[in-house]
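Asker: Each chain, written out:
Protein chains: 2
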Amino acid sequence: MAYPQTTFPLTTFPSPTFISRRRDVVHSTTLLYQLNVLKSTGRYDAFKLEWHPSYRDKPDVWPVPNHLFWDSDVAKWIEGACYFLQREANPLIDGAVKELVAMIRSAQQADGYLNIHFTVVEPHKRFTNLRDLHELYNAGHLIEAALAHSQCYGDEGEGLMEPVLRYVDLLCQTFGPAPEQKHGYPGHPEIELALLRLYGETQNPKHLVLAEYFIAERGNPTGQDGRHYYDVEAEARGDREHERPVYFPKSRSYWYQQAHEPIVDQQTVEGHSVRAMYLLTAVADLVRIEGPSSTKSADRTKALQRLWRNMTEKKMYLTGGIGAQRQWEGFGIDYFLPSGTDEGGCYAETCAAIGVMMLAERLLQLDLDGKYADVMELCFYNAVMTGMASNGKQFTYVNQLASSDSDLSRRAEWFTCACCPPNVTRLLGYIGGYLWSFRTDENEESVAVDVHMYSSATLSIPVGDSVVEIEQRSNWPWEGKIEFTIRNPAEVATNIKLRIPGWAATWQAPLTQPKISPDLPNAHADKGYISLPPEWLKTHSKFHLEIPLTARFISPHPYTNQNIVALARGPIVYCVEDFDNAWVDDHFKNLVLDPACRVTESTISTPEVGESYIGLTAHNAASHMVADDQLAPHMRVESNYSTQKPGVEQLHFIPYALRDNRGGKGHMRVGIRRKQ
Amino acid sequence: MAYPQTTFPLTTFPSPTFISRRRDVVHSTTLLYQLNVLKSTGRYDAFKLEWHPSYRDKPDVWPVPNHLFWDSDVAKWIEGACYFLQREANPLIDGAVKELVAMIRSAQQADGYLNIHFTVVEPHKRFTNLRDLHELYNAGHLIEAALAHSQCYGDEGEGLMEPVLRYVDLLCQTFGPAPEQKHGYPGHPEIELALLRLYGETQNPKHLVLAEYFIAERGNPTGQDGRHYYDVEAEARGDREHERPVYFPKSRSYWYQQAHEPIVDQQTVEGHSVRAMYLLTAVADLVRIEGPSSTKSADRTKALQRLWRNMTEKKMYLTGGIGAQRQWEGFGIDYFLPSGTDEGGCYAETCAAIGVMMLAERLLQLDLDGKYADVMELCFYNAVMTGMASNGKQFTYVNQLASSDSDLSRRAEWFTCACCPPNVTRLLGYIGGYLWSFRTDENEESVAVDVHMYSSATLSIPVGDSVVEIEQRSNWPWEGKIEFTIRNPAEVATNIKLRIPGWAATWQAPLTQPKISPDLPNAHADKGYISLPPEWLKTHSKFHLEIPLTARFISPHPYTNQNIVALARGPIVYCVEDFDNAWVDDHFKNLVLDPACRVTESTISTPEVGESYIGLTAHNAASHMVADDQLAPHMRVESNYSTQKPGVEQLHFIPYALRDNRGGKGHMRVGIRRKQ
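Residue numbers (UniProt numbering), protein chains in the order written: chain V, 1 to 676; chain A, 1 to 676.
Source of the hints: derived by calculation from the structure; they are not laboratory data.
Glycine residues also receive a C-beta, built at the ideal position from the N, C-alpha and C atoms.
Treat each hint with caution, since some may be false.
[Stated by the list, open to error] Calculated cross-link-like contacts (lysine-lysine; reagent style BS3-like; alpha-carbon spacing at most 27 Å): (1) K645/A with K250/V; (2) K675/A with K665/A; (3) K125/V with K250/A; (4) K675/V with K58/A; (5) K527/V with K542/V; (6) K39/V with K58/V; (7) K527/V with K481/V; (8) K250/V with K371/V; (9) K125/A with K182/A; (10) K393/V with K302/V; (11) K675/V with K182/A; (12) K250/V with K250/A; (13) K538/V with K527/V; (14) K645/V with K675/A; (15) K58/V with K250/A; (16) K182/A with K250/V.
[Unchecked claim] Chain A regions said to be covered by chain V (calculated; three or more residues, Cβ under 8 Å): (17) 243-249; (18) 316-324; (19) 342-353; (20) 390-400; (21) 631-637.
From just these sequences and the hints, can you work out the full model?
Answerer: Right, dumping it as structure tokens:
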């Protein structure tokens, strides 16, 4: 069963690129930095099950105790560490992994239960609040950690898989359709996708059954004693009707966790973004496992496509970020996509964009369509990568498209809810699995490779007794020429598909088509992928693909009422920062930009940025707006764009992912007001 | 003490105008219609203190029982009825007033207490939830009803004033700074402005003191036992920390009722719009009563100006409507002013715009500045008058600037929360008091009149033994020529100020200045008012003012991100409706309009509209936008305004106040997307 988390070891990054440099930083700095934070905050030792003074703190986000998901912070660190240990040994990290695993093993209860809070703080409250508390979420991350650990260390001796399997046994007993079982499902999806990956390893039907149960039962209005499980659960806790979590605008806001109705009936994507993405990722994987032709799969596939479309067409920012509403860290209504706090809100949580990538990757397995890969890549290079500073030690949780006085464009050292940093870390650990998918046929006589993302990387696929190597060399995303070398000693029939990004085929100026050299007869993109058939590859073991990368202006949908223009080049979305435009004092709020302007490129090498990048400059294109509000609430139509300050001769843009690495005032904007 | 509610009888409307036609409808239809609704819903008999089956209903807006403010529905009806009875006798209405007053008198408890819910349903819960429950609000409306009743019927016999004064005595004992008193203040302001008006009649210092106490104590963080009153009150009720009203996004959202801090410290206007307006109206009146030179008055005046500016510059719709957020029926952040539900929300409650008028009128008493009157008039002719159908029997509560599938542009018969219809009714009852303010000097030898609004109306001011009559004749708001006749038999020195609307002085196309004929030497507007001195008036008892009324395009502030244009003419803001533009099928959402177009006017007489009005037509100015979202979330900048449907040769506009009188699909929009 192919998952990026299992296939990534077959991909190496032999020469420096954006991706490899990020991985290097994580390996050299971030993992250890995060380890220190785990230690200093008390997370590291938490599985010793001793009392920690912070356990008494008032929750920042009632009713979720601040330490509730410490289990998952540790598990995600272990997972990321195991990915990187497979690349290169590191005694410090190895030692920490071993120590943590020992503590986790020792924390397991006799019946298999394994959870810090519900052992140390509220031992009699197990499984009494699936809606709000991250019990099963933590279990899911433990499963993922166990899978990574098993892959790295094997399963002999004192591993993580054995206790996790015992815990899962308990969960399989506890949850299910039988009268004595709880007909519940987690408030924060995660365990579903973890159980499916576990099933991929164990082939134990119980694991698939439990994942399927959680997915199918979710949102059942009559699932427990003829009522919604969360209602019954709340009543049993003695909650009052109008006593509600801070993230519920109203009582029973079950759309927050996509449990307001069965998934197959949901028409639009709602609620907490990360929950939604983890849930839909599991649904997509379930369809893949069960096969697309069952009735359930048909309904689930329709739902996935419907929700994907709603998300990408109506609820996604230019950067790939999702989630406009801070209160529930999630989706607003269709087309509600303000750039920042002072315009109505922008959330775009780092973890959510990682979730989009996960879902996109799963959907690509069901249907090879470049539209999924375009969004996956958009998220990676923008909404995700903006989440980590080039030095690997500061992060963002919220990724707005414009700064404001109350929310500057700044990264921070750590967060009480620390889900994003280790999520970025583990993603970079197994990112090799996102670059391409491959399948070998049953007889191991042929191999098919779908190339989704470009970099400098080599994929080594075992086929029978041999190895087929697909090597790509490029300076992506800065340059668009990718050189391929195929090494195929046993002459296995090889079929390669290359993704042609949607923006490349239709949107470049001047309009230069992507091209393959040497010439490929009848080259055409089918749903965004060009096929290189085995016959052609036999005689062309070296070839290159050229995707022209030039600056282009983009906008959001007009229904967003954002009359703004932003710059993009290839998969990279740009922003303006005060560091390059020192005159700014208003977060670029009053700037107007004429997209019919000259834009030049230059290669910029600044050590703090960690990367030589292409900077863009718009020439004589920007001026300042002055609004005359004497007759408020009315403005004269002509007065809106008077230009009293001098224009800006050169407006400098930097990739959004590379912002806030050089200091400055924290003034930043992606989309500039368009000149009328 | 001059209030519009007390001076209005001096104004008559001798010939038909917009205002008089509306008053006629209320008199002939609406009052009786509302009376029938009071009867059929159980409100009419509620002061009999019998159980009504609806008292057991679950609250629509927890924790406020649906019937909680029935007291005020009745009181407001009585108030409006008494205003209209002063104009013309009506036995049916008179009979109902008498019957209602008798029931109210009989409902009074021995200690003076007078409230339906807390006598019938929760008699032991008096004054236990000032924050959420409308106890004092109801009392305030009873006071206003008593004042109107007293003015209409005098105070002999079985009046309303006597029981109300006894109730107020109880309140004066209950609330105040003494240790045994409750240091509380109403969640919904209303009683403050009512007490101040009562003080105007009674000159009883207790009434002033209680109003002042409520205003000054509001938001005191340590006012009750060293804590915020609402915290103490909630704890005493046994409320849980996260048990909160549906309109509180978070616990302790005391900004909802402007009680998060003392009023004089509030920097921006927040929360529920009607509460804010009623509160600030009272604050302004308090400043006027106490005189502007006390220290408290200075701080309060600064706060009033600051909050007025914040509201009009950053939180007010083009129609004068206020309130973007449905959840708390109130203000959003600065510049957050979407046009309708599908763009992020628009509330603009009818009652709130009436509240703006009330506040503006009070501020004009403190400082004669046309900016207040401009907003007052803007609200009246748009956000308020749109609240009632021309037939006087349908109303709106929410007044969006654009319809959507979920919220069509439609009025409705009644509402569970029925505050708006009787608010419109009573406003029209005393609207004469808004047209102008006047003062006679102590010796009754001179009179000063400030004319704020135009119509056809006569103001008859008793001066000594004589009467000075100021008569204005016009067809405002459709025509801008107002003819004045001054009748001044005793030759009292008369000074008249005429308001020149801000939009008239600077904004007309072609730019024709308002002018006075016969010529007035050195005519100049001082803060929006032109002075006609006594010497000139002595020799010019007839004169006219011409304010050119031509169509103009207006926009909201660019920071709203609403790149829209709307049409206005004089004080009237226009909209497009499907009735006049039958081709529309998308709420005009995809229409783009070029403001550099030809706009023509025509007088339209349609019986259902109830008024001959000026319709506007934009010629060859409108086309349709098509957005190409193939590469979502990105759009190409050039693709946004492709015009694939044919343009619209004639786009017809109707005044927003006159919408939805002729049937149709309910598609309506005020601000059209501006052509790029």
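Asker: Which hints, by number, does the structure contradict?
Answerer: 1, 4, 8, 10, 11, 16 and 20
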